[in-house]
Structure formats: C-alpha cells, structure tokens
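Undergrad: Those protein sequences? They're chains A and B, same order as listed.
Following the working numbering, the residues of the first sequence are numbered contiguously, the last one being 693.
Following the working numbering, the residues of the second sequence are numbered contiguously, the last one being 265.
Keep in mind the hints are simulated off the structure, nothing from the lab.
There could be a bad hint or two in this list.
Stated by the list, open to error - EDC-like mimics (lysine to aspartate or glutamate), calculated; alpha carbons at most 20 Å apart, straight line:
(1) Lys333/A - Asp560/A
(2) Lys593/A - Asp663/A
(3) Lys243/A - Asp221/B
(4) Lys243/A - Glu681/A
(5) Lys593/A - Glu681/A
(6) Lys239/A - Asp221/B
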Amino acid sequence: MPAVPTVEATMLGKLDWSAIPLDQPIPLAAGGVVLLVILGVLAWVVVKGHLPYLWHEWITSVDHKRIGVMYILLASVMLLRGGSDAIMMRIQQAIAYQSQGYLPPEHYNQIFSAHGTIMIFFVAMPFVIGLMNLVVPLQLGVRDVAFPTLNSVGFWLTATGALLVNLSLVIGEFARTGWLAFPPLSELSYSPGVGVDYYAWSLQISGVGTLVAGINLVTTVLKLRTKGMNYLRMPMFCWTTLASNLLIVAAFPILTATLAMLLLDRYLGFHFFTNEAGGNVMMFMNLIWAWGHPEVYILVLPAFGVYSEVVSTFSSKPLFGYRSMVLATMAICIISFMVWLHHFFTMGAGPDVNAIFGIASMIIAVPTGVKIYNWLFTMYGGRIRFATPMLWSVGFMVTFIIGGLTGVLVAVPPADFMLHNSMFLVAHFHNVIIGGVLFAAFAGFEYWFPKAFGFRLDERWGKVGFWFTFVGFWVTFMPLYIAGMLGMTRRMQHYDVAEWRPWMLVAAFGMLLLTIGVLAQVTQIVVSIRNREALRDRTGDPWDGRSLEWATSSPPPVFNFAFDPDVRGEDAYWALKHHAKQQQLEDHSGPEYQDIEMPKNSPTGFVCAFFATVMGFALIWHIWWMVILGGVGAFATFVVFAWRDHDEYVIPAAEVERIDRINIEERRNLVSLAGTL
Amino acid sequence: MSDQTHMHVEHDIAPGDEEQHSVRERILGYVVGLGLALLLTATSFFIAGTNLVWQPSIPVALIVLAIAQMGVHLVFFLHITTGPDNTNNVLALAFGLLVVFLVVGGTVWIMAHLNQNMPPMDQIMQMPR
C-alpha cells in the first residue's frame, strides 16, 4: 500500500481491467450470454413500449400479490443459475477421475460456493417468501400486508443481493470458501481477493431485505386478520408463515452480526476470527450455525404449510389433526434454536455437549413425524385427486422421510464422526432441501398459479416435469449417499478412487433427468401461456379450495375482497361455499359497497435498492467516494418517503361494485351450468 | 394504514398505537420512569466506586441493577404490561428472551467446552495420559 493513493486508486479502488476474467472462457461466455439475454429483454421492453407499464404496475408496486410474483420470478431465474452450477459440478466429478476434469480448482471452488449461496439465499428464501406474500393476506381475508412499502423495499434489497452475486461472474470473482465462508480460509490472509467480499456484502444487503420481509409478515399474521379469523381458524400455511417469520426475526440478526464481524476482520484489521491476536475461528462456526440451523426451518416450515394446504384440498377433507399441526409447528419453531451444535460435532466439544445437542436434534424429528402422519391421515379416506400439486406433495412425503431418517442418523454424534463433511451429508441435506423445500415451491407454484394469473398450468407438462424431477432426484442423490459411505468427502475437484467413479457417473445421469424436468416445467409455462384462454379460471376456485384465497376472483382485484369475509370456523371458504349452495348464491343486497382506500405505489424500494447496489459494489471494490454516494442516496430516499403526505388512494364504491359483480356473475353462471348438466 | 381492515384492536395494541390515557397520566408515567432509571443509574455508579459493601458482591449488585433498569425501560417506556391488551408484546418479549438465553447460554457453554478439548499444543503435550 503506497502512503499516498494514486488518482486511479481513489477513483476506482481495487477495480481495474484484470478484474474481467478474459483468460477464463467459461464464466466469460456465461456472463456474455446472460448479458445478451438481459439486453435483449430490455430492448424488447423498450421497443414495445412496455416500460411505463412495468414501472407503474410492477417495479413500483406495493401490492403484496405483485411483490410475491416478483419474488418467485427472481427465485426461478436464480434457480436456473444455481442449477447450471450444479450441472457443471456433476459433470466435473463424473470426468475428474484421475484427471483434472475441465474446471480448474479455483473455478470449481467458486462454483460450489456460488451454488450453495444462490440456492439457499436467492432461490429457496425468495421462493417461500414470495409464496407467503402472495397467499397469506388472501388467506387471512385482508386487503394488504401490514407494511406495503417496506415489503417492496425488502424485495428489491433481495434482488440487489442476487445482482451482486451474479456480477461477480464477470467482474472479479466469487468466494472460494464454501457457502458459509468459514474462517480462517475466508480471512484476508487466505482469501485476499474480492470473492468473500462479494459474498458477504450481497448477504448483508439481502439479509436486511429478508429481515424486513420477516417483520412485515409477522405483523401481518398477528395484527391483520378478518372478522372472526382467530388464531385457531387460520389456515395451516398462515401458522407456518408465522413460525417461519418469527425465526427470521430472531435468527437473521445473528447472521448479520457474524458477517459484520468477518467484514471488520477483512476491512479494518480486527481479529474476531483470525488465527492470531486472540481471534477464535470456532466462534464463527458457533454463530453462523446459531443462525444456520433456524434457517433450515425458516425454509421448511412454509413448505410444510404448502403441503398442508395442498393435501387437504386435493383430498377434499379438512386437515387431519389441525391443532397437533399447530403445536408441532410452534414446537419446531422453539427447538430449532437448540440444535445448532450438530453442525460441528467433530470440532472439539466434549461428550456431554455433543450428547445434549444430539438428543435435541433427534427430538426435533418428532414434531416433523407428527406432521407426516397428519398428512397421511388427511389423505386416508379422502377422495384424492392427483393433480400436479398433489403429485409434488406425495413425492415430497416419500422423499422427505428418507432425508429425515438420514438426518436422525447423522444426529448421532458417533455416526456423525464417520459421515461429517462426506458426500453422505451432501446427499442428506439435498434430500431434505430438494425433497422438502423445492418440491413445496413447485407444489405451491402449481397450486396458486391460477390464483395469481387467472389461468391454470398445463397438467400434462406439469406431470412430465414432476416425474423427471422426482426420478432425477433419486438417481442423482442416492449414489451420493453410497459414495459418502465409501469415504468420499464433499467439494472434491478431482479424485483417484476407482470405487467412487461409477456412482459419480450415475449421479451425472440423474442430473440429466433433473435438467429435463426443469426444461419440462419451463415448457409447461410457455404452453400454458399460449393456451391460457382454454385454461382460464373464471370462478376463482379452480381446485375446489377450502381457504379464503379461493373466495375471490383469479387474479384477485387489487383490494382482494370487496367485503371483509366473515369467518365462522376452520376452512372458512369451504363453509361459505356450502352455505351458499344451500341458499343459492347470495345476492349482495345486504351491505352496501363502500369506498376502499389502498396504499399508493412507491418507487422507494427500487430507488433504495439502486443505491444499495451502488454502495455494495463500491464496498466490494474499496471505492470509498461511491460508498458515501450510495449511503447518502439510500438515506435520502428514506427521508423523502418518510416526508410524503399522501400515501393512499381511494377506489370508489361504484368501481368496487363493478369489479365484484363480474366475479359474482361468473360464479353464478358456473353454478347454474352445473345445475343443467 | 388501512382502517377498513378492522381487526380486534380491543384485545391487543401494537407498539405505537395510542392507548386510552389522558395526557397527564402519560406524562406522569414517563416522569416516574425517568426518575427510576436515573436512580438506578446513579446507584450503579455509586456502588461501582464504593467500599462500603463487601467487595465480591459488587458485580452481582451491578447485574441486579442492570436487570432492574431493563425492567423499568420495558414498563415505563415500552409499555409492556400484563393487561389483556398486551399479550402479543409480552409473548414477543418472552420469545426474544428465550432465544437470547438459548443462543448466549449455549454459546458460552459450547465455547468453554471447545476450549477445554482444544487447548494450545503445549498444554496438550503436558496432559496426563
């Protein structure tokens, strides 16, 4: 470091032309293709004149349904990115037997780090938060979430994090440290590049977004419920949303604090986690997993909620053991904070600590087992319809039980000493995350797509997608269990053991099936959009649903419900429907339509995230003037927002009535049509 | 935000919602709180420097005073009460305390154990076998 920085160093920090990986064709080509696609889409949007529509209806929208859809879109795009990483790794391990394969070590290390980071933070998280945003206010029978603009800020900050991770593909590098960036490897002395900084800053920024989303959804469930919707009448998905977001609020600050300490080490020469000067590496493991284990349940609890809704709807039965389900959910919510040490059994704790945490880890499987039995009993005696969402749910039960059992196995400390950091572990957590969270994401996507867009997805392609993904999952990950038993450790760039080779080849073949599954689902969306008139859902209740989101039209009007639904028991909409069938469809002659006030759209979220992106990028590259610019910009955006006078607009009663009448007409037509048949 | 989504406000009040008290009552509450907080702070400073009491009891006394200080803040400034309108806030506080207890307590326990089992190399060499 020179005493007086040059002009270039002041203006550009560490950034120069060597940051562009011109010598590495793979990331450069990938980045180039992505850039072309983005530019192409942008050009199409501008030329077709869609920009004002996008800006007014989506980018600045504070409508929870729109924000939910944007979350899911972000997650889907990032799923393709993370999936590409997975394909590259499987191919590498298939061919890197007694050779270097096609990925050099430093690139391979970035790929597995990016794969984990992206799949957890930018696929699973936005997908479940998107579903919660889309569905929970509808299920609660209310018009919006508690903090609509904050919601938009949360989404755009998550998008900022995703953008920064992808930027690392072409400008600089990503972390080579694995998805949790354990020190001392992630400290400056061993990772001097910008990779860990990309990792840490994108997680810090998107972490703020996640925390904001968590606060918003907790408040929504606790404070905004329609008439008569007391806690024990809420649909299961609302309960799991509550539990999951309580965990977000409790756990994400730990992640933020831990990464902040790592960043202090890297930027200001602190010694929290360094090898020297009193730093303690184990403190990082301890703290990151104190966040990391609740994070697992943050993801899987909403997934359980999705399955509860889907299984109950497609079995045409109320959920079996509703109260035990609530109890199990809340028990998981608490116990998930008592098991984190099982991620580092092998790192030096004594037998009593390991035993206690091992037992706690086994105990947490009990409420999960309760849930499985409840779903099975919900199906028992039901009239089951095997539509695509139900297929995903049944596929989940089969898959997740195996993943859960191997989980209980590694919760036994002596077994964990054998299996720690082996491919067995890799197979286990993919088994629960793909079989649990991703299947739920797909089930929820298929299930609520008609609600969000007003037409169903094509069933045939959906089933093709399910079967390829389901079989592909088993073919990919069961061999990894065996490879783990044979002693193969995770994250190997190449290996020389002949017994592992066949299993890696099988896994690569499974990856091919998974890829076909994903392509089938993309095809499904394209085909469905083309046939949308034939697949149109006019009644708003395509699946014979049970909860309130099906009581309004598809897509719902911006105000969701013309009247506050009046809830008298569990399965609120089911009761309403049967009440209505007996007395014909009720005419809304009783209450008068009234004006509805809705929050105004606001660019706050987008502008805030723009400045956060500038600031994050500048922090990564040590461009200090730009850091100040971004920080001041984001703060100024907040001040402008806080000082605005008019934050709501009124939808006149006549307009509410016009919109509501259309839906009532459609429903009545359907009922009378059914009567003539 | 929206008054049309009327909920059961009669049973619970969010932080920031106005309670039905007169201005005089509320000001009195804050003044009492401020007085107690100042008193507790002053006592802490006094105890820390005094030699009127048995010396090893001082840290314990400081901890007790600190907890009392938190209680004063919760009751007088954050308006946590045991009333039925406050269930959510009390539950949120309890959940927060539980998580803090689990994470901090667990961390102290784990880290002590890790240090026990992973001492520096020279101490390992001196261990009895």
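Undergrad: Just to be careful, I want the Cα atoms of Lys593/A and Glu681/A compared with a cutoff of 20 Å; is the pair within it?
TA: This hinted pair holds, its Cα atoms lying about 15 Å apart.
Undergrad: What's the verdict on Lys239/A and Asp221/B, does the C-alpha distance respect the 20 Å limit or exceed it?
TA: 12 Å, holds
Undergrad: Sort out whether Asp560/A lies within 20 Å of Lys333/A, counting only the CA atoms.
TA: 11 Å, holds
Undergrad: Do the alpha carbons of Lys593/A and Asp663/A lie within 20 Å of each other, as the hint requires?
TA: 36 Å, violated
Undergrad: Are the Cα atoms of Lys243/A and Glu681/A separated by 20 Å or less?
TA: 25 Å, violated
Undergrad: Below or equal to 20 Å on CA atoms is what counts here, so check Lys243/A against Asp221/B.
TA: 18 Å, holds
The structure does not agree with the numbered hints 2, 4 stated previously, though it agrees with the rest.
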